[in-house]
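Residue numbers (my numbering), protein chains in the order written: chain F, 4 to 214; chain Y, 4 to 214.
Hints in this document: simulated from the structure, not taken from any laboratory.
All figures in this text were calculated on a predicted structure; none of them were measured in a lab.
We put the CB at the ideal spot given by N, CA and C, even for glycine.
Any given hint could turn out to be false.
In silico lysine to aspartate or glutamate, EDC-like type, Cα no more than 20 Å apart, as pairs [to be verified]: (1) Y:Lys40 - Y:Glu83; (2) Y:Lys40 - Y:Glu81; (3) Y:Lys196 - F:Glu61; (4) F:Lys196 - F:Glu140; (5) F:Lys57 - F:Glu128; (6) F:Lys196 - Y:Asp47; (7) Y:Lys196 - Y:Asp207; (8) F:Lys40 - F:Glu81; (9) F:Lys57 - Y:Glu81; (10) F:Lys5 - F:Glu33; (11) F:Lys5 - F:Asp93; (12) Y:Lys57 - F:Asp47; (13) Y:Lys5 - F:Asp47; (14) Y:Lys5 - Y:Asp47; (15) F:Lys5 - Y:Glu12; (16) F:Lys40 - F:Glu77; (17) F:Lys147 - F:Glu136; (18) F:Lys5 - F:Asp47.
To give a feel for the contact side, a few chain F residues facing chain Y, derived at Cβ under 8 Å [stated by the list, open to error]: (19) Val54; (20) Thr58; (21) Glu61; (22) Leu162.
For reference, the chains in residue letters:
2 protein chains.
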Amino acid sequence: MKIAIVLFEGFTALDAVGPYQMLCHTPGAETFFVAEKTGPVTDDVGSLSLVAGKTLAEVPSPDVLVVPGGPGQEGQMENETLLGWLRAADATSTWTTSVCTGSLLLAAAGLLRGRRATSHWLAVETLRTYGVEPTGERVVTDGKYVTAAGVSAGIDMGLTLAGRLAGDRFAQTVQLLTEYDPQPPYDAGSADKAPADLVAEMRDGSRFILQ
Amino acid sequence: MKIAIVLFEGFTALDAVGPYQMLCHTPGAETFFVAEKTGPVTDDVGSLSLVAGKTLAEVPSPDVLVVPGGPGQEGQMENETLLGWLRAADATSTWTTSVCTGSLLLAAAGLLRGRRATSHWLAVETLRTYGVEPTGERVVTDGKYVTAAGVSAGIDMGLTLAGRLAGDRFAQTVQLLTEYDPQPPYDAGSADKAPADLVAEMRDGSRFILQ
């Protein structure tokens with residue numbers, strides 16, 4: 004089993020590493036970070052670089068496809084090298100997945116048309132532009148497409164997928180190994196829970212035009 | 004403000020990237036991944052490499068020090084280059100922190116003697132060897148020392164620290180930006196919650212001798 008996690012300049016680190024950590028121990032699976040070129044790919048902050056070990060062309064038919072998001076997603080929305088690879092990879096994948104605004108890339112590639120999907124809360128309505136039905140859920144499974152909400156939701160997505168790939172017992176093992184028993188010190192992790200003025204401030208400053 | 008996240012071969016990816024994601028937007032802070040040598044450093048699985056942008060020597064006095072864990076920690080327990088750097092960096096740091104078995108490195112450097120600290124649940128009792136009082140809490144603050152339990156606990160540690168560094172409002176902004184509103188699909192994230200036979204199996208297979 005091949006798991007391919009796509010990298011592009013300006014991705015958000017945890018979008019990629021969250022699912023990686025949940026999936027990387029899957030029995031019989033090899034995980035690859037892939038990008039147009041091999042070598043370091045820098046995140047949206049500019050302080051972290053993850054190494055792409057393979058080019059997209061070198062991993063044409065992954066069984067599991069993971070597309071992270073981040074501000075850099077915007078620069079990829081018309082990148083036919085990437086979008087074409089996504090379409091081709093999706094044609095034979097068992098699972099096609101995304102985290103955060105990675106779903107906009109799947110949508111731009113035409114892969115989510117008519118489906119339910121999610122994205123970062125600031126971006127989720129943008130899915131409509133591509134004929135996708137946005138939902139407010141944290142992890143959305145529609146057929147073989149699994150999309151996660153913003154950034155940290157990729158951990159929940161990855162663990163969900165680990166269970167589908169290798170069973171509940173395996174997923175529980177991963178959860179225990181990673182001590183994934185979250186206890187956030189604040190309760191501001193969604194637009195429903197965060198202070199209203201903070202939500203408004205973030206919407207105002209967002210790169211997304213929202214309904 | 005300088006934030007230094009230490010890398011070594013065989014670190015666990017999320018141990019480093021969890022806190023990074025929570026801290027990387029801290030106003031006025033620059034975050035560095037540091038290691039003995041610059042360049043790619045490979046994780047415990049062998050599928051992920053993060054780039055160390057600076058050597059330890061190039062960042063001698065970080066304000067915030069983050070030490071991840073992972074199986075590779077074992078090979079560092081007598082590495083005087085790293086331990087000496089930890090002692091010197093700690094001498095002027097504002098916060099000295101760890102995730103998972105990173106606390107064993109802080110302990111081996113003599114920095115946690117007489118303090119309360121935590122570690123990965125399979126490793127936490129080993130802290131006693133170094134005169135450290137182990138606790139079962141997820142994030143432990145004792146003076147300027149903040150230690151986190153296994154792997155994903157680094158996210159909660161990072162968010163806690165973000166609040167201490169830049170205020171509650173900032174930490175809530177980070178939480179909302181990363182949509183950190185966890186909804187794990189299983190409830191096996193701690194030894195108290197996971198199936199007893201899974202916990203026993205993992206203790207049996209552990210590299211740690213446990214009480």
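Holds or violated: Val54 of chain F as interface residue toward chain Y, Cβ cutoff 8 Å?
holds (4 Å)
Holds or violated: Lys196 of chain F with Glu140 of chain F, Cα cutoff 20 Å?
holds (14 Å)
Given the hint that Lys40 of chain F pairs with Glu81 of chain F, test it: the Cα-Cα distance must not exceed 20 Å.
Judged against 20 Å, a Cα distance of about 17 Å means the pair holds.
Does Lys57 of chain F pair with Glu128 of chain F here, judged by a C-alpha cut-off of 20 Å?
Judged against 20 Å, a Cα distance of about 33 Å means the pair is violated.
Hint check: Lys5 of chain F vs Asp47 of chain F, CA-CA at most 20 Å. Holds or violated?
Judged against 20 Å, a Cα distance of about 26 Å means the pair is violated.
Satisfaction of hint between Asp207 of chain Y and Lys196 of chain Y, Cα-Cα up to 20 Å
Status holds; Cα separation ~18 Å.
Sort out whether Glu81 of chain Y lies within 20 Å of Lys40 of chain Y, counting only the CA atoms.
Distance ~17 Å between Lys40 of chain Y and Glu81 of chain Y Cα, so the pair holds.
If you draw a straight line from the CA of Lys5 of chain F to the CA of Glu33 of chain F, is it 20 Å or shorter?
holds (5 Å)
For the pair we were handed, Lys40 of chain Y and Glu83 of chain Y, check the Cα-Cα distance against 20 Å.
holds (15 Å)
Would you mind confirming whether the straight-line C-alpha gap from Lys57 of chain F to Glu81 of chain Y stays at or under 20 Å?
Violated - the C-alpha atoms of Glu81 of chain Y and Lys57 of chain F are around 35 Å apart, more than 20 Å.
Holds or violated: Lys5 of chain F and Glu12 of chain Y, Cα atoms, limit 20 Å.
violated (24 Å)
For Lys5 of chain Y and Asp47 of chain F, compute the direct alpha-carbon distance and say whether it is at most 20 Å.
holds (18 Å)
Hint compliance for this structure: hints 3, 5, 6, 9, 14, 15, 18, 20, 21 are broken, all remaining hints hold.
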